[in-house]
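K.L.:
Sequence:
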Amino acid sequence: KSVRLILEGLEFVAPVEKLRPLPWKPSLGPKRREETVRPIFWRNRTRSYISRTENWDEFPNGRWGDSRSPAYGELDGYGMALRYGRDECLKVWDHPADLSDIYTMFAKYCEGKVPFLPWSDQPLNLESKVIREHLTRINQAGYLTVNSQPAVNGVSSSDPTYGWGPKHGYVYQKAYLEFFVSPEALTKLESRLRQIPAITYHAVNRAGHLKTNTACDDPNAVTWGVFPGQEIKQPTIVEGVSFVAWKDEAFELWRLWADLYPKDSSSHQLIKGITDSWYLVNIVDNDFQKPVGAIFEIFQDEPITNGVASVGAIQDDLTDPIR
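Count along the sequence shown from 1, add 893, and you get the number used in this note's numbering.
In short, the hints are calculated from the structure, not lab data. There may be inaccurate statements among the hints.
Okay, derived cross-link-like pairs now, DSSO-like style, lysine-lysine, Cα gap no bigger than 27 Å in a straight line [as the list claims (entries may be wrong)]:
1) K984 with K1104
2) K984 with K1165
3) K1165 with K1081
4) K1081 with K918
5) K1081 with K1001
Simulated restraints on C-beta separations [unchecked claim]:
6) P1121 with L921: 40 to 46 Å
7) R1025 with C1109: 19 to 25 Å
8) E1026 with N1106: 25 to 31 Å
9) G922 with E1077: 41 to 47 Å
10) R1087 with K1006: 34 to 40 Å
11) S1159 with D1110: 22 to 28 Å
12) P1059 with Q1162: 22 to 28 Å
13) R1087 with E1145: 28 to 34 Å
14) P1090 with R1025: 37 to 43 Å
15) N1018 with H988: 35 to 41 Å
16) Q1182 with S1158: 44 to 50 Å
17) Q1193 with L921: 27 to 33 Å
18) S1170 with D1110: 40 to 46 Å
Beta carbons: idealized from backbone N, C-alpha and C, even for Gly.
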């Protein structure tokens, strides 16, 4: 192996192509060897997902079954903690005094200027960099994103950014956004979403009040691949029951962030207010043939709310689909 690496470095032989078997990193545990489907919500918290499903007797293979049985494990005992220590977190997140400080922090994460957030231990994933400017703008407007992927229409399975699975295949993605938003902004957003039947969404607050425009609880594949001599693979899905299970964890991370500060401090009260009243939303644009950035049209001309004085409309330029 070392000899080959030397020869590759000297360009005497072609490097060995490294292909991802799935768009997410498979577990090495023997029980999960055949696992091929996961919800997208835990994309940036893989360890937590593995922990909360470790007692399942079987893992989804080929299709997603009924996630209500077996149930997801409770948060207690599943390592619910911020990845970094208090001092490191405060060094990066400082002491936000108002909502504009929170918006700026999330926007800087999208720009690569903040290295981590409670929902993601690492910088923005590679495939979302093509929509980085769009993400930055909506975060500045109070739509605080924690997960995203652009639409992909038939990219080679060998593509270094979007590819996965066997060679000579093609992979596809629906545009996906997941974010926290205030109840007032959600009401405005819902009025726009009602005009776009191709977009489906779920919105839930910490108390479990769920809003959705989906007619059923069937899984919605947001990533799939077509490969020679094989059935179509659908390794990543959006599904309502799993989303409600994920929201407990997502809001708990806000609480852990708030607890970094004294309970009588403005930072603690600010973050606690978000935890107690805001909604976690996921949006899927089911028309994957639209241009990159088309999903962000729902935010256009939407003013920045929640007490930010300098208001600016969101205007997004659209680029060709990823093919």
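K.L.:
Now tell me if each hint is right for this structure.
P.N.:
Hints, verified against the model:
1. Only pairs whose Cα atoms come within 27 Å are accepted, and K984 paired with K1104 is rejected, the gap being roughly 36 Å.
2. Between K984 and K1165 the alpha-carbon distance is near 20 Å, which keeps this suggested pair within the 27 Å criterion.
3. Among the hinted pairs, K1165 with K1081 is consistent with the structure: their alpha-carbon atoms are about 23 Å apart, no more than 27 Å.
4. At most 27 Å may separate the alpha-carbon atoms for a hinted pair to count; K1081 and K918 exceed this at roughly 37 Å.
5. Restraint check for K1081 and K1001: the C-alpha separation of about 25 Å stays at or below 27 Å, so the hint holds.
6. Checked against the hint of 40 to 46 Å, the pair P1121 and L921 fails, with Cβ atoms roughly 27 Å apart.
7. Distance hint for R1025 and C1109: a CB-CB separation of about 34 Å, inconsistent with the stated range 19 to 25 Å.
8. At about 27 Å, the beta-carbon gap between E1026 and N1106 stays in the expected band of 25 to 31 Å.
9. Take G922 and E1077: their Cβ atoms lie about 44 Å apart, and the range 41 to 47 Å holds.
10. As the Cβ distance of R1087 to K1006 is approximately 36 Å, the hint placing it in 34 to 40 Å holds.
11. In this structure, S1159 and D1110 break the distance hint of 22 to 28 Å, their C-beta atoms being roughly 41 Å apart.
12. In this structure the hint that P1059 and Q1162 lie 22 to 28 Å apart at CB is violated, the actual value being about 53 Å.
13. Take R1087 and E1145: their Cβ atoms lie about 31 Å apart, and the range 28 to 34 Å holds.
14. At about 28 Å, the beta-carbon gap between P1090 and R1025 misses the expected band of 37 to 43 Å.
15. Evaluation of the 35 to 41 Å hint for N1018 and H988 yields a failure: the beta carbon distance comes to about 28 Å.
16. Between Q1182 and S1158, the C-beta spacing of about 49 Å keeps the proposed range 44 to 50 Å intact.
17. Range check, Q1193 to L921: Cβ separation about 44 Å, and the 27 to 33 Å hint is violated.
18. For the pair S1170 and D1110, the beta carbons lie near 26 Å from each other, so the given range of 40 to 46 Å is not met.
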